[in-house]
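Student: Given next are the chains, with one letter for each unit.
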Amino acid sequence: DTAVSQTPKYLVTQMGNDKSIKCEQNLGHDTMYWYKQDSKKFLKIMFSYNNKELIINETVPNRFSPKSPDKAHLNLHINSLELGDSAVYFCASSLSPTGERAFFGQGTRLTVV
Amino acid sequence: GENVEQHPSTLSVQEGDSAVIKCTYSDSASNYFPWYKQELGKRPQLIIDIRSNVGEKKDQRIAVTLNKTAKHFSLHITETQPEDSAVYFCAAAVSKAAGNKLTFGGGTRVLVKP
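Chains A and B supply the protein sequences, listed in that same order. Under this note's numbering, the first residue of the first sequence carries the number 269, and numbering increases by one thereafter. Under this note's numbering, the first residue of the second sequence carries the number 345, and numbering increases by one thereafter.
By construction, these hints were calculated from the structure, which means they are not laboratory data. Be aware that a few hints might be false.
To be verified - Think about it this way: if two alpha-carbon atoms lie no more than 25 Å apart in a straight line, the pair counts; the simulated DSS-like pairs of lysine-lysine are:
#1 B:415 to A:312
#2 A:304 to B:457
#3 A:312 to B:457
#4 B:412 to B:457
#5 B:401 to A:304
#6 A:308 to B:386
#7 B:412 to A:304
#8 A:335 to A:290
#9 A:309 to B:457
#10 A:312 to B:366
Said to hold, decoys possible - In silico negatives: residues of chain B with every beta carbon more than 10 Å from chain A:
#11 351
#12 355
#13 363
#14 364
#15 389
#16 396
#17 420
#18 426
#19 431
Model, not experiment: these values are computed from the prediction. All C-beta atoms in this analysis are idealised placements derived from N, C-alpha and C, irrespective of residue type, glycine included.
My request is simple: use the sequences and hints to build the entire structure.
Tutor: Set out below in structure tokens:
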């Protein structure tokens with residue numbers, strides 16, 4: 269039973285398209301995150317939600333819009349995809365907003381062509 | 345904001361030898377320091393973490409040390425095995441109820457040669 273699951277695992281799409289990545293956790297955690305890992309493996313936080321409320325919003329283009337329908341789900345919608353958006357996107361969750369012991373999903377490899 | 349530097353970027357060791365990865369952080373308020381291991385094509389997995397009220401923590405073959413004064417912390421892997429080959433990331437955060445932001449180092453690619 270996967271603790272943090274993301275769909276899809278791979279996503280190939282053309283520039284200008286709009287796409288969504290879904291994330292669900294069954295750990296009973298209150299806090300969820302989106303991280304971006306670029307081609308050099310650098311991991312950087314994008315957003316954090318605690319009990320459906322946005323608590324961290326890094327400097328991310330407003331083409332990226334997270335949505336949390338409930339505390340077990342955090343989706344990421346990306347408008348007008350650009351080549352530079354190609355990366356691996358990881359969802360993660362932690363028990364509380366202190367962020368300790370964050371558990372990562374398996375990642376979504378997004379390729380924009 | 346927090347800045348975390350990690351060295352070396354690559355590390356090749358012979359099986360059975362020890363591996364040491366070092367990180368420095370800039371924000372003296374940081375109080376939580378996890379280490380993650382990421383195998384090729386897989387998710388980052390937490391392997392050990394330390395809070396600022398302790399100087400050292402061990403779990404079998406891995407240990408982490410923290411020097412708050414110097415603002416650096418290190419990961420030590422003893423008796424390395426081929427399955428230790430992966431990318432290792434350190435991170436630092438100010439752990440607080442209002443929202444914790446993990447800032448990651450650039451990663452160290454460890455190769456254990458049999």
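Student: Now tell me if each hint is right for this structure.
Tutor: Now for the hints, and whether the structure bears them out:
no.: 1; hint: B:415 to A:312; result: holds (21 Å)
no.: 2; hint: A:304 to B:457; result: violated (30 Å)
no.: 3; hint: A:312 to B:457; result: violated (30 Å)
no.: 4; hint: B:412 to B:457; result: violated (33 Å)
no.: 5; hint: B:401 to A:304; result: violated (29 Å)
no.: 6; hint: A:308 to B:386; result: holds (15 Å)
no.: 7; hint: B:412 to A:304; result: violated (28 Å)
no.: 8; hint: A:335 to A:290; result: holds (10 Å)
no.: 9; hint: A:309 to B:457; result: holds (22 Å)
no.: 10; hint: A:312 to B:366; result: holds (19 Å)
no.: 11; hint: 351; result: holds (15 Å)
no.: 12; hint: 355; result: holds (14 Å)
no.: 13; hint: 363; result: holds (18 Å)
no.: 14; hint: 364; result: holds (20 Å)
no.: 15; hint: 389; result: violated (7 Å)
no.: 16; hint: 396; result: holds (12 Å)
no.: 17; hint: 420; result: holds (21 Å)
no.: 18; hint: 426; result: holds (20 Å)
no.: 19; hint: 431; result: violated (6 Å)
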